[in-house]
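Peer 1: Protein chains in written order, with my numbering: chain A, 15 to 438; chain B, 15 to 438; chain C, 15 to 438; chain D, 15 to 438.
Since the hints were made in silico from the structure, they are not lab data.
A quick note: this is a predicted structure, and the numbers were derived from the prediction, not measured.
Accuracy of the hints is not assured; some may be wrong.
Heads up, the list lumps identical chains together, so a pair's fine if it works in one copy or across two of them.
What the hints assert, rightly or not - In the SDA-like style, the derived pairs of lysine to any residue whose C-alpha atoms are separated by at most 20 Å in a straight line are:
hint: 1; residue 1: K150; residue 2: D379
hint: 2; residue 1: K150; residue 2: S77
hint: 3; residue 1: K432; residue 2: T143
hint: 4; residue 1: K34; residue 2: V44
Residues per chain are reported as follows:
Protein chains: 4
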Amino acid sequence: MQVEKYKIDGFNNELLADHKRRFEFVAADVANINDVLQKLEAFQIAIPSWALGTGGTRFGRFSGGGEPRSLEEKIEDVGILHALNKSSGAISLHIPWDIPQNHQAIKALAAQHGLVFDAMNSNTFQDQTDAPESYKFGSLQHVDKAVRDQAIAHNIEVIKQGVALGSKSLTVWLADGSSFPGQLNFRGAFERTLDSLKQIYAALPDDWKLYLEYKCYEPNFYSTTVADWGQSLLYVTKLGPKAFTLVDLGHHLPNANIEQIVSLLLMEGRLAGFHFNDSKYGDDDLTVGSINPYQLFLIFNELVEGMDARGMNHATDLGWMIDASHNLKDPIEDLLQSVQAIQIAYAQALIVDKAALQAAQKVSDVALAQEILQKAYRTDVRALVSEASLRAGGAIDPIGAYRSLKVRENLIKERGEKTVATGL
Amino acid sequence: MQVEKYKIDGFNNELLADHKRRFEFVAADVANINDVLQKLEAFQIAIPSWALGTGGTRFGRFSGGGEPRSLEEKIEDVGILHALNKSSGAISLHIPWDIPQNHQAIKALAAQHGLVFDAMNSNTFQDQTDAPESYKFGSLQHVDKAVRDQAIAHNIEVIKQGVALGSKSLTVWLADGSSFPGQLNFRGAFERTLDSLKQIYAALPDDWKLYLEYKCYEPNFYSTTVADWGQSLLYVTKLGPKAFTLVDLGHHLPNANIEQIVSLLLMEGRLAGFHFNDSKYGDDDLTVGSINPYQLFLIFNELVEGMDARGMNHATDLGWMIDASHNLKDPIEDLLQSVQAIQIAYAQALIVDKAALQAAQKVSDVALAQEILQKAYRTDVRALVSEASLRAGGAIDPIGAYRSLKVRENLIKERGEKTVATGL
Amino acid sequence: MQVEKYKIDGFNNELLADHKRRFEFVAADVANINDVLQKLEAFQIAIPSWALGTGGTRFGRFSGGGEPRSLEEKIEDVGILHALNKSSGAISLHIPWDIPQNHQAIKALAAQHGLVFDAMNSNTFQDQTDAPESYKFGSLQHVDKAVRDQAIAHNIEVIKQGVALGSKSLTVWLADGSSFPGQLNFRGAFERTLDSLKQIYAALPDDWKLYLEYKCYEPNFYSTTVADWGQSLLYVTKLGPKAFTLVDLGHHLPNANIEQIVSLLLMEGRLAGFHFNDSKYGDDDLTVGSINPYQLFLIFNELVEGMDARGMNHATDLGWMIDASHNLKDPIEDLLQSVQAIQIAYAQALIVDKAALQAAQKVSDVALAQEILQKAYRTDVRALVSEASLRAGGAIDPIGAYRSLKVRENLIKERGEKTVATGL
Amino acid sequence: MQVEKYKIDGFNNELLADHKRRFEFVAADVANINDVLQKLEAFQIAIPSWALGTGGTRFGRFSGGGEPRSLEEKIEDVGILHALNKSSGAISLHIPWDIPQNHQAIKALAAQHGLVFDAMNSNTFQDQTDAPESYKFGSLQHVDKAVRDQAIAHNIEVIKQGVALGSKSLTVWLADGSSFPGQLNFRGAFERTLDSLKQIYAALPDDWKLYLEYKCYEPNFYSTTVADWGQSLLYVTKLGPKAFTLVDLGHHLPNANIEQIVSLLLMEGRLAGFHFNDSKYGDDDLTVGSINPYQLFLIFNELVEGMDARGMNHATDLGWMIDASHNLKDPIEDLLQSVQAIQIAYAQALIVDKAALQAAQKVSDVALAQEILQKAYRTDVRALVSEASLRAGGAIDPIGAYRSLKVRENLIKERGEKTVATGL
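Produce the entire structure from the sequences given, and follow the hints as far as they go.
Peer 2: In structure tokens:
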């Protein structure tokens with residue numbers, strides 16, 4: 015199914031007068047209002063193909079209704095998202111959960127929904143039924159060359175799939191590590207992993223990037239072979255100029271200052287982009303902005319400042335993806351909430367008074383610097399986000415529209431109450 | 015299969031002379047050696063029925079070979095454990111993963127292996143295929159009375175199963191909680207949970223105990239309705255004298271002082287016992303003593319001191335259970351390692367010079383108090399544990415015997431390479 | 015010095031038109047606008063006497079200029095705060111840092127600034143030059159009765175001071191604990207502490223309350239004798255109906271869900287109130303709302319809901335205090351920022367659509383419940399806070415006024431550049 | 015005062031027979047016993063000059079008696095330590111707390127006690143009374159060049175002091191960072207710090223090393239400019255081959271896997287060495303091995319493996335220092351406990367069966383690898399440490415000797431009950 019434009023327009027009409035009043039109120043405070051709106055419009059966040067079904071934990075999984083049963087239906091779901099918010103114009107595939115059979119047809123279907131293919135994701139953390147080797151003790155780090163070779167070949171295959179779809183980057187997340195002291199030699203694991211990555215890197219097309227994600231723990235509970243930003247940076251520096259460090263917000267030890275990491279990776283020219291989500295305890299994979307929205311704003315504040323300092327294009331020079339698990343909510347609603355939270359943080363970061371901030375920093379006026387950031391953060395920018403969506407042809411209130419237009423009910427009608435999408 | 019006594023004896027014979035030398039060396043330092051050995055012999059740790067198969071994480075599960083395919087085979091596995099270490103003389107069942115069909119037959123089978131039935135475990139964190147209600151949003155806390163009633167009825171059913179098997183306690187662990195701010199009203203969730211627990215409590219036979227476990231997070235990632243020892247204590251105090259707080263070592267926030275919690279629960283007469291495991295990050299469910307063995311010793315130091323102060327029987331007045339997930343190791347080896355780690359910590363706690371420690375505490379001689387604890391902890395008590403096992407008819411080195419006697423190879427022969435036990 | 019009303023009015027006049035526009039915009043969305051404004055006006059946050067000087071860490075202290083040199087000057091500083099924001103109408107004294115010599119004169123001075131005396135704070139974590147006993151190894155927990163008696167007598171003396179000033183509560187924060195395993199017997203420490211607290215409790219006037227604060231660590235680094243809310247609740251329940259648990263936002267283990275604790279303490283009728291601050295790592299004592307403002311909002315959401323459910327008066331039935339350390343900022347500016355952050359969180363909590371939230375919770379509509387909370391939180395309520403201040407005779411923008419009126423410069427002129435206030 | 019050799023011999027004589035029995039028992043299990051003993055003898059741990067007085071926290075400081083009142087007395091104290099354990103043959107000075115007036119005399123005094131001068135420590139985290147600039151907002155990172163220049167000059171002065179004493183390395187620990195979002199620009203702070211470090215680096219003699227320490231937080235509570243090993247590595251790589259990363263065990267976020275960091279820094283050839291201590295919560299600066307001795311063993315396991323793999327000399331190729339704060343214990347006793355804990359961990363690491371471990375790792379035999387590490391760790395190696403001390407002319411039981419010989423009582427007689435050493 016698709017959400018037709020006229021339905022969205024109908025929904026918008028009800029809200030338009032009120033929206034106008036709100037937009038004008040906030041716009042009056044924003045000097046660079048057109049620039050802000052253009053940037054918001056241009057900012058697209060990729061939706062991962064595995065996030066369209068209900069996720070689960072090791073303790074259970076409670077599926078919802080109308081989940082997509084195929085890659086085609088996943089693209090349809092992202093199409094719905096994008097129709098509503100005009101900010102989800104890309105899809106990030108996970109192989110082997112979503113292997114396209116006919117690349118041209120899939121590309122055409124995506125294009126029909128206004129979607130492109132963002133970073134490809136490989137999977138060497140689960141065994142595949144037809145694979146001879148097991149990843150029980152790791153993949154790219156494995157002591158057994160046969161396992162490493164299988165994992166390398168899989169990654170190269172994913173690149174090929176991506177080339178056929180027009181993707182330009184490969185995201186490598188490794189579960190590799192150990193759960194007990196003594197299980198592996200850290201140096202050996204690093205060296206083998208680096209060697210495997212080099213082989214994958216060698217297979218990258220010239221215009222591709224390799225994104226290397228880090229994670230402090232889970233599913234291994236003693237060590238992880240790409241455990242923190244420092245380790246990822248060590249690998250990507252050794253790999254070459256097409257390798258970058260990917261930040262997943264939930265992959266840090268408690269209390270980590272993520273925004274500082276972001277700033278330094280940008281400084282080094284090695285920031286790949288983001289897997290957005292939120293968390294309170296570990297890799298909780300909750301809706302973006304649902305737990306600590308100020309942190310999200312601070313991250314965007316660094317992004318805007320750092321990208322501008324390097325003359326980067328906000329929309330295209332980094333990879334923006336959501337990576338959350340929707341255990342309790344309708345996945346599409348959850349994603350709409352996540353995208354909106356990102357847009358709000360981005361909008362707030364865009365309206366920070368940079369000149370005033372720099373001046374305050376120059377004289378160590380700590381209280382004033384805090385005031386300047388809080389002023390932007392405390393501003394209600396929802397109307398800016400709505401206006402950007404409206405101008406691009408989306409809904410003033412995407413979640414409201416989704417509910418009002420009874421999208422999920424229609425999907426259940428089409429697909430049934432008991433469907434289970436592939437993914438975690 | 016069973017591990018026959020003569021095989022263990024044969025294995026022991028090889029090690030006997032060396033063991034004797036080691037035992038005599040350490041025994042020379044232990045004033046109360048017979049008391050220590052008797053206590054070690056009497057100390058039995060229950061094996062959970064779900065821990066005999068390979069566990070997994072939300073990212074995947076890598077099964078091993080020869081896993082038990084039925085409750086009968088699980089009992090057989092615990093029998094093997096117990097034959098080897100003579101300290102695993104109890105099994106803790108999880109319903110509905112292990113519903114006995116013929117209770118008398120199951121009891122007889124267990125007795126044949128020298129096993130009794132420890133605490134029964136209910137499960138309201140997964141949906142059962144035949145159940146009308148879903149636990150997606152909780153069980154005993156659920157806003158819908160029908161769900162709560164189903165969960166209460168399930169717990170009462172588990173008590174009945176336990177009565178038929180000779181168990182004397184019910185362990186309630188609740189996944190109930192919320193993953194997002196606003197999802198539930200904390201007070202309402204507490205009150206509904208308390209009301210549900212009261213109904214279960216009312217169904218307890220007179221000589222039964224209810225163990226209420228707490229856990230800070232997972233599978234819910236914002237709040238948990240029995241989240242810490244303070245909350246559990248609040249519930250059990252309101253329930254009555256048969257309700258107690260169960261401590262799982264992996265269920266705390268980072269850096270928690272678990273030994274102090276243990277001491278205070280003992281002081282209040284509300285400590286149920288333990289789910290033993292170890293962890294580095296969260297509820298990692300690793301082998302007991304594999305990450306922080308000193309903490310385990312400190313916990314046993316509080317247990318010995320506190321139980322003695324209350325005149326309690328170490329072996330029988332609290333519930334001792336392992337609750338670990340064996341993702342990478344042979345489950346039986348992992349359990350043998352866990353039991354040994356517990357015995358070592360217990361033996362070390364038994365040889366602490368209590369009189370000297372109290373004297374040091376009385377004058378705030380901090381350095382001396384540390385010396386006294388470290389003296390016991392640094393003592394190599396493995397020979398004490400071996401001697402206790404030997405005297406009880408077990409192996410001097412249970413893991414060595416398990417490998418030497420090729421137990422797993424035999425289990426694979428009997429049960430096959432591709433078996434998957436129920437459990438996490 | 016004092017900030018005269020006409021100066022504040024002069025400052026306000028410049029902002030009035032713009033403020034009016036902003037207030038009307040936000041007021042249009044608030045159904046119960048007068049109720050919200052009245053509650054904001056009535057809400058007073060006590061300023062601790064030790065927070066008016068520059069704080070420090072164990073690594074150093076960098077004093078600012080114009081710090082108050084006496085209790086009288088501290089009262090003057092709180093008077094300045096209150097004149098500016100009309101929400102800091104109380105002062106919380108710390109004994110022995112601020113022992114009044116002439117209680118009537120001090121009361122009169124405070125009254126002149128519109129201030130009353132909130133909770134009194136005792137100090138048994140530092141040795142006093144004239145005291146015979148040392149608190150090196152604890153105070154109320156000490157193994158030596160002479161030390162405990164000294165600490166008890168000090169607390170009773172603090173109550174007497176408070177009675178003379180019109181205070182109605184005693185806050186007990188204990189540094190008591192241990193830094194090494196073995197140093198103390200947890201049960202013994204608990205029992206001695208309880209016994210000491212009972213003696214203090216016995217000295218409480220009928221209309222007084224005892225607030226027992228908890229803290230997970232620091233200055234002791236292994237155990238703390240009132241370490242978490244569960245322990246504090248255990249003590250206060252044993253003490254009697256005039257004893258309550260005080261929550262300091264920075265005194266929790268990483269990732270603790272403080273709002274749930276608040277809700278449960280309210281449910282039990284044992285919440286004393288708050289020491290407000292913010293933190294990223296430990297007890298960082300940062301400006302309220304500077305690190306995680308959403309958490310602060312969620313706490314206020316529980317407070318409003320829970321107090322309303324019990325028919326409590328928001329302004330008077332709990333104790334509201336700031337407890338932060340101002341190492342880098344002008345203490346008065348820092349306190350103005352803290353008070354404003356509290357007011358913003360409170361205002362946001364007041365405008366949550368409770369009926370809609372309850373309805374969403376009743377059907378486990380998790381996404382909608384999140385939307386409802388976020389709607390209130392994302393609202394820019396600064397104009398509500400300004401309006402409440404304005405109506406009460408304060409400044410529209412207290413920090414702006416403070417800077418514009420050059421208050422600090424005047425204080426430095428009066429008191430000198432090199433003054434050091436007592437406190438941490 | 016000095017502890018004369020004949021007194022130690024007298025003390026040893028009482029213990030000799032029992033020691034011999036214990037040593038022979040454990041030596042029987044150690045294939046490479048002479049190698050182990052020689053390495054233990056050669057292993058010297060530097061004592062920081064600031065650790066000889068009682069430390070404190072921001073909440074207070076409780077001094078002990080007989081604390082050293084001068085650099086000469088500090089050297090005397092380290093001399094006592096070294097006479098007792100023969101493993102503390104170096105002292106690490108902190109400038110400006112301990113500025114030598116006459117370098118030749120100080121060197122001679124140290125030599126008389128068998129001591130050399132280890133790494134020099136600069137201090138730019140406290141303001142000095144005579145310094146024109148303040149470090150309130152940082153030192154090497156400061157926005158004001160005058161402050162940076164002062165901090166650079168101080169570091170260069172410390173190098174000069176070190177040259178005069180025969181030291182070969184400078185340890186730079188920076189408190190620099192920020193306590194509030196917005197306070198500084200992370201990239202700017204990094205770049206200025208790097209520039210300052212380059213100037214210091216340029217002043218290093220050819221045979222000197224620069225050790226750059228990292229710390230996640232405190233005394234700044236939002237960001238730290240050298241916050242983790244990844245950041246330190248980034249700086250030292252940019253500085254040049256004489257710059258290395260120093261690991262302080264207490265400077266990590268909760269649950270960090272420090273041993274993996276150690277392994278990777280060794281792999282990169284950038285490990286400077288250690289500041290040893292232990293902690294439960296933050297930078298608690300507790301006695302080494304008092305909280306998590308298994309972690310210490312795991313770190314030494316990586317050190318031994320990694321240094322051997324690179325052909326490094328255990329004793330001389332890295333810097334080994336203690337950095338703890340003795341708030342509750344006699345500092346000398348505390349240091350004796352710390353050194354012993356280090357020696358035990360080192361001895362246990364030396365007796366790990368490396369060949370067996372590598373073989374187990376090669377086949378991913380996780381349970382066996384754990385057994386191998388635990389076998390070494392569970393061995394009571396105290397007699398090995400005692401034997402090494404004995405052979406070198408020290409005490410079998412240094413703490414026992416210290417108490418038996420009434421060293422502290424004599425120091426108090428000499429120096430008085432009320433002395434306060436410089437330091438934290």
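Peer 1: Each hint: holds or not?
Peer 2: Quick rundown of the hints versus the structure:
1. In this assembly of identical chains, the alpha carbons of K150 and D379 lie at most 20 Å apart only when taken from different copies (12 Å versus 53 Å within one copy).
2. For a Cα distance limit of 20 Å, the shortest separation of K150 from S77 across copies, 9 Å, qualifies, whereas the shortest one inside one copy, 27 Å, does not.
3. Only between protomers do K432 and T143 lie at most 20 Å apart by alpha-carbon distance; the minimum there is 13 Å, versus 24 Å within a single protomer.
4. Taking CA atoms no more than 20 Å apart as the test, K34 paired with V44 passes in both settings, with 15 Å inside one copy and 18 Å between copies.
Hint compliance for this structure: no hint is broken.
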